[in-house]
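Q: Residue numbers (my numbering), protein chains in the order written: chain V, 294 to 745; chain D, 294 to 745.
I should point out that these hints are in silico values taken from the structure, not numbers from a laboratory. Bear in mind that the values here come from a model prediction, so they are computed numbers and not experimental data. Don't take every hint at face value.
Computed beta-carbon distance windows for the label pairs [what the hints assert, rightly or not]:
1. G589(D) <-> K368(V): 23 to 31 Å
2. N521(V) <-> K365(D): 27 to 35 Å
3. Y614(D) <-> L366(V): 21 to 29 Å
4. A736(D) <-> S441(V): 27 to 35 Å
5. G690(D) <-> K368(V): 54 to 62 Å
Example chain D residues on the side facing chain V (calculated, C-beta under 10 Å, incomplete) [said to hold, decoys possible]:
6. G433
7. E502
8. A530
Partial list, computed: chain D residues near chain V (C-beta under 8 Å) [unchecked claim]:
9. G374
10. I419
11. R463
Built from N, CA and C at the ideal position, the CB exists for glycine as well.
Protein chains: 2
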Amino acid sequence: MSLRGKFGRIQPAPENFIPDALIDDIRLNGLDASRRRFLRKSFAAASAALVSGSALAAADHPGGEGDPAILKLPKHSTSLGNPVTHLPYGQPSKHEANLQRRESPGLTRRRESSIAFTPLQGLFGIITPSGLHFERHHAGWHDIDPSSHRLMIHGLVSTPKVYTVGDLMRLPSVSRMHFIECGANTAMDWASPAVPSVQYTHGMLSCCEFTGVPLSLLLEDCGIDKKNAKFILAEGADGASLTRTIPIERALDDAIVAWGMNGEMLRPENGYPLRLVVPGAQGVCWVKWLRRLDVGDAPYATREESTQYTDLMPDGLSRQYSLIQECKSVITTPSGGQRLMDKGFYNITGLAWSGRGKIARVDVSVDGGKQWKTARLESPVLPKCLTRFNIDWVWDGKPAILQSRAIDETGYVQPKMAELRAVRGTRSVYHNNAIQSWRVEAAGEVVNVQIS
Amino acid sequence: MSLRGKFGRIQPAPENFIPDALIDDIRLNGLDASRRRFLRKSFAAASAALVSGSALAAADHPGGEGDPAILKLPKHSTSLGNPVTHLPYGQPSKHEANLQRRESPGLTRRRESSIAFTPLQGLFGIITPSGLHFERHHAGWHDIDPSSHRLMIHGLVSTPKVYTVGDLMRLPSVSRMHFIECGANTAMDWASPAVPSVQYTHGMLSCCEFTGVPLSLLLEDCGIDKKNAKFILAEGADGASLTRTIPIERALDDAIVAWGMNGEMLRPENGYPLRLVVPGAQGVCWVKWLRRLDVGDAPYATREESTQYTDLMPDGLSRQYSLIQECKSVITTPSGGQRLMDKGFYNITGLAWSGRGKIARVDVSVDGGKQWKTARLESPVLPKCLTRFNIDWVWDGKPAILQSRAIDETGYVQPKMAELRAVRGTRSVYHNNAIQSWRVEAAGEVVNVQIS
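If we strip away everything but chain V, and leave its shape as in the complex, we get:
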């Protein structure tokens, strides 16, 4: 499409809801009034909302237009900067301090069992920076000394074994990119839209490159009883001793006992030094601080799979042991809490994923699902991994309803909210993978809404 037209601009939501990477507008708001007027004038003057050439030098200087020092370069262009290893382990720019994982206050009784949401509205591509990986704990997190940590495998095996972290790291390893999504992601929207932004509707979602030893190799090493083994109990070393049952076919497929995340060791709040990676499965199965795997012949009915993480169905029975996160997608920009400041061109961008394989296609609608256009998928498109999509949009200034609909390689189509409710009712907490709707008001506000 031609870029000669007018560009739209997006204003981020207030910072306690939307730490936004669309820094230009944040910065505009931080400037004093006269400078803001100057910049607005420049924008107005440039036919394509681009600052005109003559504004360049002025824009580099606080004095702005008519500054006598107009030819002076900014300090960073005329001075020596910081040396290498100024930070032996690098950190984000101070100008990005607003991009944080954030709690939803009051969601749980204690912050040790609360949730910190990933700021999806400010992220690019598919990799989640480890510093912004979502958090969900059951008894808080510890920075466990890996020299005293052990993994025991026992139960229906011929040779129960205990591995040190070093033992595991010497084994043949694999590296794979996968998403992890909490089963409770988008939980608050089952009944009606409850939270304002994509950080809170979908931010229990992250995606990293994990490195570890295939679980199948460890089970082989311990002499798994292939005839009788049907389930595995995975247990964490935290105060909650969090435990979940994993069906043996998942354990023998692509599950990994991982130590690596995005090239380095796992972060403490994500299970350092060992976490179980169960691609496609809900996050609670990816047991952190993994210390024990018990091979058994029946599911274990632990707390986190009987009283919790079950889905109350319309007939009053609970769906239990739901494991796989079904195909889902969400538009991350424009999204709830942001504001479109002009008519014109926008790049609609978002994420799609499926616990059953690769994303085959993502469609985007700007009229609440009447018409759909197929979005562009960024490569790589990997199984059980986030896929980034982008599509051009020119906003005409009228109310619009933005939606994305993902289809995975099995042919499964992400359902509408009404379709999901028809099967599952409205009393569920977990496993809401319905199409998300963002309404753009005529004034440009973007709001979380539900379309029947």
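Following the hints, put chain D in place on chain V, whose structure we already have.
A: This is chain D only, laid out in the frame that chain V set:
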């Protein structure tokens, strides 16, 4: 292969050279003598160098074998841990503090123009954590305020334009994973092996997911003069005003004006808020703090492409404007400075890359190149991106020479050092992509050597 045999163990090099992720041995060395003896005994007792089941409880407690508190769980299993957003932007474990990018002291006269090397020996997969991305500056780095930063495009275009960062971020964007390698990587080894570890031989190498607007789209937007435009000058906003010539066919292919790196904004030391990404090209072309693109009809012969970054050939002439990083690979574990502590099984792992496309195959030799075996490539295998390889090895305790040899999709085979020297002589500084050799001594030390 069977894992029933003996596992080898690796001792990392002294910390000022090798911050190593093989934490178990670091930790062993940090323990007091009696505990060390106990653990060694446990290792010896377990037929597969695995701690026996009975050692588990003991290993969890400082008291070790016979500790009366043998059934007591560690504190992290019995107490409440840290709450969520304890760190709104997460950090590595305190136990991983030794994994740092490191300077090679004295390499340059000032630390503002020095190099910090990525600790490849401690990394997994292909993604380089942004905090460990290598650094090479010409006048130090600044944390530039993005609200005052502009990108100007001028020269052979019908409409010169100045873009704000916000302008660029509203455009259609792409996300792609690419390696970046300094042209001077492995420079110190042209004459003879000069540095002890892979951090210093190959650590001017990183790999990230970059997000930005295709440069071709911006040039189109400014109305590039397609008939006469042959080269582009890219200029940075640092004190060095670093400038490099980019051939127009590279600029119009897959180059990106990037703001995103590994999901978030670029780090200040890597060019925040804008950097030119020229996939496959040497790092100096990926101009940081990008402020200007001049479209011209001839190369610009700037300082960094005339007196610097040229290759002095055997005939006394200099090879200039060398752009593409040719196919290359290196074994990252076992590697120089580490020590193999036992005979037995090892997972040989490393990285391969090519500036001309995808990696087709990686072969590994343990006898200095007499015999080669094909390694396993981890997915995804992407063009102009790092590819992780792994291969099993059982060390018999005799001296060995480990090598990897990469072949890219064009059929190009990574050369031996002697083959490279036959063409390029020994007076080069840049563009050494020869096969790396690590000699394993009978005592287990791993040393940087060159094989004719």
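Q: If a hint holds in the structure, say so; if it doesn't, say that too.
A: Results for each hint:
no.: 1; hint: G589(D) <-> K368(V): 23 to 31 Å; in the structure: holds, 29 Å
no.: 2; hint: N521(V) <-> K365(D): 27 to 35 Å; in the structure: holds, 33 Å
no.: 3; hint: Y614(D) <-> L366(V): 21 to 29 Å; in the structure: holds, 28 Å
no.: 4; hint: A736(D) <-> S441(V): 27 to 35 Å; in the structure: holds, 29 Å
no.: 5; hint: G690(D) <-> K368(V): 54 to 62 Å; in the structure: holds, 60 Å
no.: 6; hint: G433; in the structure: holds, 3 Å
no.: 7; hint: E502; in the structure: holds, 4 Å
no.: 8; hint: A530; in the structure: holds, 5 Å
no.: 9; hint: G374; in the structure: holds, 3 Å
no.: 10; hint: I419; in the structure: holds, 7 Å
no.: 11; hint: R463; in the structure: holds, 5 Å
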